[in-house]
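Student: Chains as they are written, first to last, in this note's numbering: chain A, 1 to 117; chain B, 118 to 197; chain C, 198 to 1033.
Simulated from the structure, these hints should not be mistaken for lab results.
Check before you lean on any hint, since a few could be wrong.
Claimed, not checked - Straight-line distance between alpha carbons at most 20 Å, and here's what the computed SDA-like set of lysine to any residue pairs gives:
id, chain 1, residue 1, chain 2, residue 2
1, C, K808, B, D141
2, A, K54, A, G70
3, B, K178, C, D995
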Amino acid sequence: MSKRDEKRQAYTSMLIPQTQTDLQKPGDKVCGNCKNFLESSWSSDGRGACNILKFGSNIHSQPPVYILEGKDGYPTKTLHDASACKYYEKMTFVDKDGYECSDPQYRRVMRQLQDKE
Amino acid sequence: MKCTECGYEAPLSEFRYLYNARIDGSISIRQCKNCEQWLAVDELKGVALEKVTGGAAPWGKSAGIEGLAEDVKKKKRRSA
Amino acid sequence: MAQAALKNTSIEEFEKKQEWWWAAEKRRSSRLDYLRKAIWKKGAIGGLYAPGVKTDLEQAVLTTNMARSLENAPDPYVVKSAKIFAHVLDNKTIFITDHAQLVGYTGSLPHTMNWNPSIASILNAEVFNDPTSIPDPVDKNQAVIQDIVGYWAGKSDLDKMMPVFDMEDMMKMLSGSIGWGVPLARGGYSNKDYEYLMTGKRAFQEILEEIDKKIDEADELVHTPVANKEIALMYDKLNNWEAMKICLEAGIRIAKRYARLARIIAENFEEDPKRKEELLKIAAACERVPAHPPRTLQESFQYDIFIQMMSRTEAIEGAWPCRPDYYHGPYYDKDVNIDKTLTPEEALDLVGEFLIRAAEVCQFKPKFAREGLQGIDGTWVWTMGGVDANGRDACNDLTIAFMQAARLVRVANPTFAFRWHPHVQDKVMREVFECIRHGLGYPSIRHDPILIANAMHWHGHPIEEARLWVHQACMSPNPPTKHGYQPMRMANATANCAKIIEYVFTSGFDKIVNMQVGAETPDVTTFKDFEEFFAAWVTQMKTIFSILVRSVNRARVLAPTLTPRPFLSAISERSVESGLDTLDPSIARGNAWITAFTWVENADSLAAVKKLVFEEKKYTMAELKEALDKNWEGYEEMRLDFVKNAPKWGNDDDYVDSIMLRCLDECAKFSKEIKCPCGNNWPILPENVSGNIHYANIVGALPNGRRLGDALYDGGISPGPGLDKNGPTAVLKSCGKIDHITQGRAFLLNQRLSPTQLAGEKGYQLWRAYMRTWADLGLDHVQFNMVDDSTLRAAQKDPEKYQEVIVRVAGYSAHFVDISRKTQDNIIQRTVQGLG
Chain A
1 MSKRDEKRQA YTSMLIPQTQ TDLQKPGDKV CGNCKNFLES SWSSDGRGAC
51 NILKFGSNIH SQPPVYILEG KDGYPTKTLH DASACKYYEK MTFVDKDGYE
101 CSDPQYRRVM RQLQDKE
Chain B
118 MKCTECGYEA PLSEFRYLYN ARIDGSISIR QCKNCEQWLA VDELKGVALE
168 KVTGGAAPWG KSAGIEGLAE DVKKKKRRSA
Chain C
198 MAQAALKNTS IEEFEKKQEW WWAAEKRRSS RLDYLRKAIW KKGAIGGLYA
248 PGVKTDLEQA VLTTNMARSL ENAPDPYVVK SAKIFAHVLD NKTIFITDHA
298 QLVGYTGSLP HTMNWNPSIA SILNAEVFND PTSIPDPVDK NQAVIQDIVG
348 YWAGKSDLDK MMPVFDMEDM MKMLSGSIGW GVPLARGGYS NKDYEYLMTG
398 KRAFQEILEE IDKKIDEADE LVHTPVANKE IALMYDKLNN WEAMKICLEA
448 GIRIAKRYAR LARIIAENFE EDPKRKEELL KIAAACERVP AHPPRTLQES
498 FQYDIFIQMM SRTEAIEGAW PCRPDYYHGP YYDKDVNIDK TLTPEEALDL
548 VGEFLIRAAE VCQFKPKFAR EGLQGIDGTW VWTMGGVDAN GRDACNDLTI
598 AFMQAARLVR VANPTFAFRW HPHVQDKVMR EVFECIRHGL GYPSIRHDPI
648 LIANAMHWHG HPIEEARLWV HQACMSPNPP TKHGYQPMRM ANATANCAKI
698 IEYVFTSGFD KIVNMQVGAE TPDVTTFKDF EEFFAAWVTQ MKTIFSILVR
748 SVNRARVLAP TLTPRPFLSA ISERSVESGL DTLDPSIARG NAWITAFTWV
798 ENADSLAAVK KLVFEEKKYT MAELKEALDK NWEGYEEMRL DFVKNAPKWG
848 NDDDYVDSIM LRCLDECAKF SKEIKCPCGN NWPILPENVS GNIHYANIVG
898 ALPNGRRLGD ALYDGGISPG PGLDKNGPTA VLKSCGKIDH ITQGRAFLLN
948 QRLSPTQLAG EKGYQLWRAY MRTWADLGLD HVQFNMVDDS TLRAAQKDPE
998 KYQEVIVRVA GYSAHFVDIS RKTQDNIIQR TVQGLG
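Model the full assembly from the supplied sequences, consistent with the hints where possible.
Tutor: Here it is, written out as structure tokens:
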């Protein structure tokens, strides 16, 4: 497979837009509430990348594929199911007011992940 | 470093860095993860100074505000 | 303010205290006062919409239902697009605000923001996710939104475009690290062919007749007993013309709906005879425009509002390019000076209301736009003054009326940009200054002769067209002419330039988004001298700019077929004449530019590295790299060294100024190598809006002394806040070393002045002297904040009491309380210059 095809395959999931079911309430463990998730500053539709897993990883395959070496991060989305990911670490929400500007490290904008406390 | 509001103690890096309003000064704003308060922190000394409230400017006033920023030649003429 | 206190304090007393907003409230008419207070605040506050402002589902539902019904219709795509547009206009809720003389709004109710779900599915997901703006009942409407999101998933303009872009470029853009914006024909900002549309020669009906003639000619051609390439291409043109007609006819129909509504209210519900008469005047205006050219000032403004409303029904418009004093001025002159059908006060009411109608416009915007344009919906930078096609002063009585009305209604948006030239009369300059002194933050001042030459240099616009230029957004000139006007400036040719210098240290790897974005330049610790370091900077610059420009070029090429704009084409001479979509590059001259956000950090960082690492050898590159990797954590002394002991831009210091010029030279050279599909150049344009805040948590630590999280500098060629130590003339001299014609498209300069120092006639003369130096040095732009620190700090503490304080953010103004704390502090830290 050419390098171009490889990238296309890996990134294709990022091109698929959110559907109706994607926006529904997720399970407890999703990429979006993991400490290692980096949200894209470009939009609020949940795109982002993992800070630990690298390009080529796949946490949804059976078994999950974990690649830790390499340059690019594993592209993922806020509401991707992370229940099978062994690197999942739940983050502590600090910012609750939603008024701080875009911050890939700190803010989660998905309504479904708002801290109810 | 110790939070001036709730007493929470942790390494400086555990207090979430927000920003430095004045790049040529060493007072920054960090947030205490425990009580969420914004704190003015002296980055040189690694010490929390006080809570930062609306309207406060612990890093000092804008340049030029205590006497407007003047042309250098004018300043030199005056002091000559 | 308590009514008694307001009543008992004179206008002069308020002005003495610099409480311009109270003075304005006392000065303006009761109509303007009512209309001003009736506006819902639509600009996002630090990124989120104000309480009470809701997303309008009406257009979304109408669009989706019509799209569903047309799925199996035997219509070409452009005709379907036009039918959807027409369906929205035919069925949308319309209303007339009490006391208003002008009508037309994109949403169905005054507190709503319109949402067109057919443009970008990522935007649709954001509508669902937005924590505050889903209308009540929330649960029910969330379900409606989910259904709409589900329908457009895979069908929106962006979904059609994304798969045909280069995947790698797209992912780098989607990371949000090097740029923002979307490469879409319906998501950006469009100028208009005002020379075709607003000179009184024609309106929609006349254009329909022109199109009918074209269709008849084409129809005859395609039925001649022959077949060839010309005929094969003619069918698409016929479809385009058909779509244009559908849009124009719908535009005439909705105006007649407003006319009918006004008559119904006048004849059945209004008891006040004066208001009845006003409603009948509204009806007469809406029956006249946009079908036929306007005859009065009211009709002219109404025509303009309708065009903007329709353009914002078809697309997301992030700006409002126009030249209102130039195109509406003849009607003002006729009504007020010649026919005397309007007194100056009555005209002022109309002008003020026109500003208010523009201020209330809002479309739901994506996150990066809300954070990069805090406090406003988009940059409505209205071009005032300047010259006409023959080079003569174009300022008129309406220019002055706009300045006066702006001081009365005090909206942050629209904001004005004044085209200064050597023959502007003193009375006009005084009006301009009064706006600045009243703390509006506008007009910004543009150097007309420089920018006319600039437009000719970069894009080959003939001088007669270049002289007509309007601001495409906050800064870039564009002639509103047949081949010159730019139908969609796709904002993703907007570069986060601080990444250029950051990537030199990381060999192009972006640690914030965990992706190889830039070029894989050699390890920075291997560079032996500054020249090698600078060469890597040039490589990163070219790489970032190319990624962004490639996607825009691709979108421009694809736009006419994948994402056509039948309404915008219908009001463009080149499209009506040719039958091609207005975005077709073959009929346009091109006016592209790369907005260079976060620019000055490069010069300051390069200077610091050159001095402290390569020349004085105070630190090794490895030490600097480690300090930056650690975000200066534990390296505060070193960080302050890099801030204080390396020359900074804006101090008339050739050490760093020469580096700035060198960077610009490289960009200017590269700007002529990268071409747009029209075959034209891509110059850079340093400016920021509030991108310096949006990118604060995306740009890592830099050698100029910033950390990840700090606001970047406020934009363009403005010195870093507080880093200009040598006074205002030094700032101008640094900026004046740049060739504002050949080294870039335009260069934004923020300056902060003291309202106390510039009070009275003396203050005006000081300012004029400053502006003479500015003009002599050949700068193309300057804009001013004139609000003192104590007011701004008080506004931070008690925002409720200071709702009306306006500040100049960068290419736009905003209400101070609507911007985030970080942005507020960034503005307050700007140096207050003493003039004279």
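Student: Indicate, hint by hint, whether the structure satisfies it.
Tutor: A quick look at each hint next to the structure:
{"no.": "1", "hint": "K808(C) - D141(B)", "result": "holds, 18 Å"}
{"no.": "2", "hint": "K54(A) - G70(A)", "result": "holds, 6 Å"}
{"no.": "3", "hint": "K178(B) - D995(C)", "result": "holds, 19 Å"}
The structure fails none of the hints (numbered hints given earlier).
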